[in-house]
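Turn these sequences into a full structure, and let the hints guide you.
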Amino acid sequence: GFTLVICPLISLMEDQLMVLEQLGISATLLNASSSKEHVKWVHTEMLDRNSQLKLIYVTPEKIAKSKMFMSKLEKAYQAGCLARIAVDEVHCCSQWGHDFRPDYKSLGILKRQFPNAPLIGLTATATNHVLKDAQKILHVQKCITFTASFNRPNLYYEVRHKPSNNEDFIEDIVKIINGRYKGLSGIVYCFSQKDSEQVTVSLQKLGIKAGTYHANMDAKYKTKVHKGWAANQIQVVVATVAFGMGIDKPDVRFVIHHSMSKSMENYYQESGRAGRDDQKADCILYYGFGDIFRISSMVVMENVGQEKLYDMVSYCQNMNKCRRVLIAHHFDEVWDSANCNRMCDNCCRDNSCEKMDVTGYCRDLIKILEQAESMSEKLTPLKLIDAWSGKGVSKFRVAEVTPPKHPREELEKIVAHLLLQQYLKEDFSFTAFATISYLKIGPKAGLLRNEAHIITIEGITNKKSVYKDKPSQSLNSKESSEKAQTISKTVQDSVVKKSQKHKRLNCGSNLKAKKPKLQAGGDDQPVVLD
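Count the sequence shown with the working numbering and you get residues 961 to 1490, in order.
Simulated from the structure, these hints should not be mistaken for lab results.
In silico DSS-like links for lysine-lysine, alpha-carbon gap of 25 Å or less:
(1) Lys1184 to Lys1142
(2) Lys1327 to Lys1315
(3) Lys1385 to Lys1400
(4) Lys1169 to Lys1154
(5) Lys1184 to Lys1169
(6) Lys1338 to Lys1385
(7) Lys1180 to Lys1000
(8) Lys1355 to Lys1385
(9) Lys1338 to Lys1400
(10) Lys1000 to Lys1035
(11) Lys1014 to Lys1035
(12) Lys1351 to Lys1338
(13) Lys1014 to Lys1071
(14) Lys1032 to Lys1071
(15) Lys1327 to Lys1338
(16) Lys1327 to Lys1351
(17) Lys1092 to Lys1065
(18) Lys1027 to Lys1096
Have a look at this one:
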């Protein structure tokens, strides 16, 4: 018999088919671009008990909308040819998941129509709440659940400030790729299709072998880029989330986020494309203030889109806690930062964070917003910071507000912090061409009537960090500790003398990841079995 595999993305299917072909396992896929001859052949094989076809990949839309396919599936089940059903990326079932797909909600019919066919659901990015919701939708509440730790010990997590000048930004990315990653395979994730195309062109002009991948591209071109990258003919794929789930190339040494993801789940999944051979790899995220509102205006209509985005912003804003602790907390796990082995930027900082009182700044921002409201005006986040800095349109400035003497980057961080803490809030205006985000006084602003109320934010006293240039081989714990102490002192002295830019210190431990006992489809762990 054959296994029916439901996948949300064509790229995911193609990636798995390439691996299966290398393993000598007969598999195929059905999608909208499949020829009539191919569809007819697959339908015939589905009813042949002696067929060598072992896996058939389809999208959830095929289950939800193709009566012909469901008819063939029912006949295959009755003939004893449907061996099992696998629902990949099962978090897509839940409206509380980060990548909800409406057609996934139709998959409950599979257990009702084929009750004796074993069903397995797989995901690497789901909270307990999402898993329970998915079980309910698939009608497999009474099932066995297998889980594995979120931790990928060979991945180094880093958040960098996103340069406001695009040319400087691209040059920064090129320096990284041509430096520590020269000749090594990687992915650059962009938020929009337009960004992915523009970044690809910019990288190509600077000598990087790059290819674009997004949902609206020609299917043949996407396949060409995917296969070229898999064969190392293309060094970098510049992609949207369409190139995210299930991509299983083992030797991806870096994943760079041109913009932050729209949720922690998306980020974990996208960054998880790196280091799947258990060797050291880097996950670098560029965080820009403007991206908050650009993404927010795109996800405002989603069920929990803004809430998930703010979780992502909180991760980027945090310059103190271990990145693994932050990720673990989001996925309902507990993690001891001592086990990070200095494999994130925050754990590699030798400088300490101090708390800064921003209560006065919050009061100043509220005064500016109150004045704008009295004039029936709305302020975008950028205009609010301009008015606060004593720049921009003069009518938005408030006489008794003294412009702060901090760099704009720090002012942006303060405003983002006040937004996350609900002293400020977003207000959206919908036009025929765009959704515009404005800032207004938030629900917690009333707390400032109490003179004793204090708002603090953690800042970095010394923003120079020490990083290394090239990926290293794994070290055992003792060697790592001794070398880290020696190199740290040497490089720190050099930083003081030469004011070098970020270069990451080699401070890894034994980085080879322990594989879970039960694993299927790359990093996706079985979570539903009935």
